[in-house]
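J.: Given next are the chains, with one letter for each unit.
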Amino acid sequence: MTLTDVDTTRRVHAVTRIVPRGRVTRRVVAVVVVVLALGGLSVVVRNENFGWPIVGEFLFSPVIMQGLWNTLWLTVVAVVGGFVIGVLLTAMRNSGTAALAAVSWTYVWFFRSSPLLVQLLFWFNIAALFPVVSFGIPFGAELTTLLGWTGVGEIEHTFFAFDTRNIISGLTAAILGLVLHEGAYAAEIVRGGVAGVDAGQLEAAHSLGLPRTRIFARIVLPQAMRTIVPNLGNMIISVLKATSILSVIAVADLLYSAQIIYNANYRVIPLLIVATIWYLVITSILSIAQYYVERRFARGAQRVLPPTPLQRARIWLQSRLARRTGVPA
Amino acid sequence: MSAQGDVLLEAVGIRKSFGAHEVLSGIDLDVRRGEVVCIIGPSGSGKSTLLRCLNHLEAPDTGGVYIDGELIGYRLDGTVARELRYAELARQRSRIGMVFQSFNLFPHLTVRENITEAPIVVHGVSKAAAAQRADALLARVGLAGRGHAYPRQLSGGQQQRVAIARALAIEPSLMLFDEPTSALDPELVGEVLDVIADLAASGSTMVVVTHEIGFARRVADTVVFMDAGAVVEQGPPDQVLDDPQHPRTRAFLASVLA
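Going down the list, the protein sequences come from chains A and B.
Position one of the first sequence corresponds to residue 7 (this note's numbering), numbered consecutively onward.
Position one of the second sequence corresponds to residue 239 (this note's numbering), numbered consecutively onward.
Same shape as in the complex, but just chain A:
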């Protein structure tokens, strides 16, 4: 605020300081809320039944670390695999070919409509439905019968075959179940993002004669990513937590590893806390990563990107320092 000489004729007045509007009520409420929150925290921390020393003892134990690692890589596989399926399903849905669009729609309908747990149990028990997995000519057996070929054995139209029990373990069931299930969700996320890209972008790309795959990968998808990333972040976090369901088919994820330990030492609560702490840590890291990924895809969307929290903190510190030392920042 510049100081101006009082000029009665022009009604200009001098201001030396601006006093902000009072915030008494808000401050009182804030103090009450903080005291209540601290009280709740202290009840939890001082309750010996939570077994905090045991939490500390097992937080970094090898079994938990192995479980954490399994949870992490299964999440990565489910999200990457699911996203690839989602992009393919979106391409099919938007292909303009009715059959492909119908297959895409049906896939999403089916895998979104049944619970993940049920799907996992199906995959785990798939050997009961299909004892042998074989790769060959589709409808090969029917064709040989239809054409009346005699003396043609079962093996003629089959290139190779496996006993299902040998390839479907708990882990393969887990990967299949997660990837296929997440593919359906990713398809809707990607489709929503693609639908949000302005039609003029496509027209411009077409008028330049760009190849179709290039238009999708270079023009449409990067712009769609702006809306895809927040939803994808949601999806990653929900997959991370969904991996805990894998414990029912004996996959040694984070929760299952905690269960192994508390089945031996009966300290159920402390070990559930251990698992919870790790879920919280991973989710927090993911949230921070999401923030920066969103900034990356916001390129060109705003004239100037707002500063990150870290940059803001640095600017604030510098201004504080400057005020104290009297040197302008």
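Quick caveat, the hints were computed from the structure, so don't treat them as lab data.
We put the beta carbon where it would ideally sit given N, CA and C, even for glycine.
It is possible that some hints are incorrect.
[Said to hold, decoys possible] Covered by chain A, per the in silico footprint, the following chain B stretches (three or more residues, Cβ under 8 angstroms):
1. 295 to 309
2. 316 to 330
3. 334 to 346
[As the list claims (entries may be wrong)] Not everything, but these chain B residues come out facing chain A in the computed CB check (under 7 angstroms):
4. I358
5. G362
6. V363
[What the hints assert, rightly or not] Short derived list, chain B residues pointing at chain A, Cβ under 7 angstroms:
7. A356
8. V360
9. V469
Mind docking chain B on chain A? Use the hints.
T.: Chain B in isolation, oriented as in the chain A frame:
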């Protein structure tokens, strides 16, 4: 105004309907090499649809567009027109530059990336050569040194000039302009029209859909007046704009010049 050669673009009997509404009811248009054609007419007269048919952004219901004698979008098989595969259509389109009313620059790419994308991907130009050419084109549209900006950091007039540079980068034999100044603030219209006029003077073949009657008078070799999906009148600007024969042309000019 420039010297003109043989016929470059030939549109024959273009009809196009959206649902029950016939937008184009049989348009014939010839554009000679080096000719500048300005299409004027009231809103909804089908000017933009006609332009979009020329590079097959819209497929005409009947009729054909020939550029250098080559039918756009189809291969003729006796009396049967077979739709071209996408890659072949893309090759045809890469010889026609188009500038849109709303610029349609790629917002996530820098100005230079916008310009170099098609030359690199479609024409196989090396990155370094494409970048060098992009900088030359930027200089030509008066934006030297702005290659690293993102489109949103530029004014509307600057964005449209980048869009012109992007269309020129594919070295098109024909340039299409779809109301290139309609989305601009009045004080920015001039800078874009000047760039287009420069192109016209350098001998580019162009079809310009525009509401700028003064601009049409200044650069057009031929002015085409369209109304209700048909060409009402066409000829040199001094004839169509200053001595219109058809009452509808007179009514339109009276309303825009009033």
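J.: Now tell me if each hint is right for this structure.
T.: Each hint, compared with the structure:
1. For the region 295 to 309 of chain B, the assignment as covered by chain A is violated, since 1 residues bring a beta-carbon within under 8 angstroms of that chain's beta-carbons and 3 are needed.
2. For the region 316 to 330 of chain B, the proposed coverage by chain A is satisfied: 5 residues have a C-beta within less than 8 angstroms of a C-beta in that chain, meeting the threshold of three.
3. With a cut-off of 8 angstroms between beta carbons, the region 334 to 346 of chain B has 10 residues touching chain A; three or more are needed, and the interface restraint holds.
4. Interface hint at I358/B: violated, since its Cβ lies 10 angstroms from the closest Cβ of chain A, which is beyond the 7 angstroms cut-off.
5. Because the smallest distance between the Cβ of G362/B and any Cβ of chain A comes to about 12 angstroms, over 7 angstroms, the interface hint for this residue is violated.
6. With a cut of 7 angstroms, the hint placing V363/B at the interface with chain A is violated, because the nearest CB-to-CB distance is about 13 angstroms.
7. Interface restraint check for A356/B: the shortest CB-CB distance to chain A comes to about 4 angstroms, inside 7 angstroms, so the restraint holds.
8. Of the supplied interface hints, the one on V360/B holds, with its beta-carbon coming within about 5 angstroms of a beta-carbon of chain A, less than 7 angstroms.
9. Because the smallest distance between the Cβ of V469/B and any Cβ of chain A comes to about 24 angstroms, over 7 angstroms, the interface hint for this residue is violated.
Checked against the numbered hints given earlier, this structure breaks hints 1, 4, 5, 6 and 9; the rest are met.
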